[in-house]
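K.L.:
Chains as they are written, first to last, in the working numbering: chain A, 25 to 363; chain B, -5 to 277; chain C, 103 to 406.
Derived by calculation from the structure, the hints in this document are not laboratory data.
Since the structure is predicted, the reported quantities are computational estimates derived from the model, not experimental observations.
Mixed in with the good hints, there may be bad ones.
Computed cross-link-like contacts, DSS-like style, restricted to lysine-lysine with a CA-CA straight-line distance of at most 27 Å [as the list claims (entries may be wrong)]:
(1) B/LYS143 <-> B/LYS125
(2) A/LYS176 <-> A/LYS256
(3) B/LYS103 <-> B/LYS34
(4) A/LYS262 <-> C/LYS129
(5) A/LYS256 <-> C/LYS129
Here is what each chain is made of, one letter per residue.
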Amino acid sequence: MSTSANPTRSAAPGLEATRQDWLEPLIRYALLACATVSVLVTVGIVGVLLWQAVNFFGYVYYVNDAGDVVATAQELGERPAPADAVAETITPGEFLGGTRWAPSQYLFGILPLLCGTLLVTFGAALVAAPIGLGTAIYLSEYASPLVREIVKPVLEILAGIPSVVYGFFAVVAISPVVGAVFGEQTDTFNALNASIVVGFMVLPMVVSLSEDVLRSVPRSLREAAFALGATKYDVTAKVVVPAALSGVIASFLLAVSRAIGETMAVTLAAGQKATLTLNPLQEIQTMTAYIVAVRQGDNEVGSIQAYAIFAVGLALFGLTMVLNLLAQAILNRMRNSYE
Amino acid sequence: MSTDAQPSASPAIRPPAVVGNDGARSADEMAQSPAKVAAKGLDFFYGESQALFNISLDVPENCVTAFIGPSGCGKSTFLRCMNRMNDMIETARLNGEVLLDGHSIYGPKVDVVELRKRVGMVFQKSNPFPKSILENVAYGPRVAGERNKAKLYEIAERCLTYAALWDEVKDRLNDSALALSGGQQQRLCIARALATDPQVLLMDEPASALDPASTTRIEDLIGELKDRYTIVIVTHNMQQAARVSDQTAFFYQGRLIEAGATRELFTNPKEKQTEEYITGRFG
Amino acid sequence: MSTAAGKADNPLERGALAEDAYMRRRKRISSLFAWLCFAATASCLVVLVTLLGAIFYQGLPWLSTTLLTNNASESPEDAGIKAALVGSLWLIALTGLMAVPIGVGAAVYLEEYAPSTWWRKVIQLNISNLAGVPSIVYGILGLGLFVRTMGLGKSVLAGALTLTLVVLPIVILATQEALRAVPGTIRQASFALGATRWQTIWRQVLPAATPGIMTGVILAISRALGEAAPLVAVGAAIDMTFLPMSLGDDYSGLPLLIFYWAGHANPQFHQLAGAAIVVLLLVLILMNSGAVLLRYRYGKNIKW
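Please construct the entire structure, taking both the sequences and the accompanying hints into account.
P.N.:
Following this line, the structure appears as structure tokens:
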């Protein structure tokens, strides 16, 4: 301010930077590096899974006339292959189309695992979709502020409880009840246990996403329907929910994706026996549970069983990514249409 | 120094009287001041749509220049060209020149940070930082590297005094700035802008969100500040322009229609569009 | 409405009469629907109460100092969670140290620096997608990358790196939301005062966004604390008898031990699992209430 008394300031042209100029670009590049990490993670996932899956499909083993595996290329090393045996590999066709999953016998058909995963997921959707949508509708259309104040934290707690705790819940509470209700023919571990508990797990996700989209339906739409003499049910079920339908579907898709990837609760509740069945009362193995089983056991590093988890992981990643991207696309489209 | 407006042709519709603006400088006085900021043939684009067309205007030093015109006429856009706030907009593009003391501010070597320290800005809606009153005023010097607490306090006291806020806040400098009233917040924002020791002060409708009493205080303040600073004010309020400014520029649809000494422009507009606007026939 | 109501003279009355039965049915449906939705909401509450009930019913009798001071054992009476709990604390500390700076940095880049080009859209879509990748997939990525390729083995560092990848999208998305909530006028005011971009971010934007960022960080750390699947995949130990002392040491994790106990053939271990869950939930509650307090302290002065 010292120059302020001077009516005509000296015209100082020095608008060029006088500050140290290295800091800003340095920070910018450091932050860019942070953002790039997230891309590297995806590249890493795809890279590691593909690389190990190639090892899996390129794994050579030797089968004799009786159909027994007598040696693997890894065991043989430089030595010649056994004379009476034929070299074989698992082909992607066998992997995706095979109906038996018995890794110790070199049977790697993923269908039993896929079937187990989808059985649990379908059951979970049957639990979570109606309860979740009903709750979301209640919270968005009916609930008093007080009820919302109670239910919102409850859902947040449910969402924050770790997966393994739900698994414990399945073991000590759900499994005995399911056993008592369905009686003799029920396995201790079964798909129904897992369906129920995973349904509970993904419930908060369905509620919070669906409620968001229901609330974003313009008030004017509701008022228009009421003005035509509609009841609350008519307004909700025939105007509000259809208007928010794509968002509700996106929330279901995300919940399904979450259920497919769910691991600890499913492993504890559904068991570890790969079975190709649609009976929810039988013990099954999901894709995630197989990975857990292998990592808990002591398979040698470099064995085909150890490589198999990456092939299963790749299938899991592909399946969930498609669902996630689909849900994102639906949500983005809906956001655009409301803005 | 006549303060009476010339009677206009139609007694029913009169332009705003240039009253209470005794300090207004005349065209001759302004002609002697060097141009502090000057635009030469400025075109400005938001993406594909052109917002400013070939604007050329001198802003004389130590004068108040008012930009008037209907909403969307480009007056705020032009103001923001003067401290390159439009750089934030990714699609923005500009042709022509803006000069500060005869030097281009869009030159390749120009540092916008250095520029903005010299060309301060006050926004339409008061936007104090969610910090204490003292921290708000000290922010500019602080980011410029001043660390001495006593010095920062001294700057804060001086600038708050210039902004006619010191007496109201001197006992609670450490309170949150968000606790102040709207008018006080805006004066705080002015004090904050003064603290970087700018040469030019840009004001984008600084009183539009304030009540009449606060507006009067801001207007009085502008009159006091013009001896030290070159001030450019955007306003949609013609009476305000008439009350505070020495020079007025009228914008319409991205074009500068007319600029001249405030007393002349309001009493004797040269352009028909200007006359229609200041007599309230449109806008 | 229908004309079935007959020959009443007043048309309004006739309409009203005819509407009555129909209207009553519609109203019944409407209230039935409301009750169904209420029942759905109530069942969420029931699930939580049952869940907590089961945990405490199983776990309370086994909550003792032995649980906290002993390590895993094959005899339920001697079994404790000490090594697992300490291992979990190591994991969340390391995960926090890595995930928070990288996550906040990435969010700041995306919100404050990145020009809105296709590249930004790709990164953004990628992050949303990563948030939905199953944690077991991160686990086998950690196995392939950190444990084997980088040769970190079954070390606590490998475990923490894997968990960092799991929680990174959570930190980034929460921070982005917090940054978006800071009004643009604050940034403009700062720029207009001659602050550089980084000065604006460091002195104005980040402090204003701190409560929101804190919430996201706590959410992420809670998630890291509860994750068992990635630990199984990278091969964390279950029967640890000593505590990890450095980044290269073996480790266990509380959720892993809970998983092992809950799947044990001996039901006494299920009860132990319940007790361990009580401890896990206590740590979670502690962290979350810390977050609420911090939010309150940082947030109370800020009202836009």
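K.L.:
Does each hint hold? Answer for all of them.
P.N.:
Against the structure, the hints come out as follows:
1. B/LYS143 <-> B/LYS125: Distance ~16 Å between B/LYS143 and B/LYS125 Cα, so the pair holds.
2. A/LYS176 <-> A/LYS256: 23 Å, holds
3. B/LYS103 <-> B/LYS34: With a Cα-Cα distance of about 19 Å, the restraint between B/LYS103 and B/LYS34 holds, given a limit of 27 Å.
4. A/LYS262 <-> C/LYS129: Judged against 27 Å, a Cα distance of about 15 Å means the pair holds.
5. A/LYS256 <-> C/LYS129: Holds: A/LYS256 and C/LYS129 sit about 9 Å apart, inside 27 Å.
Violated hints for the displayed structure: none, as all numbered hints are satisfied.
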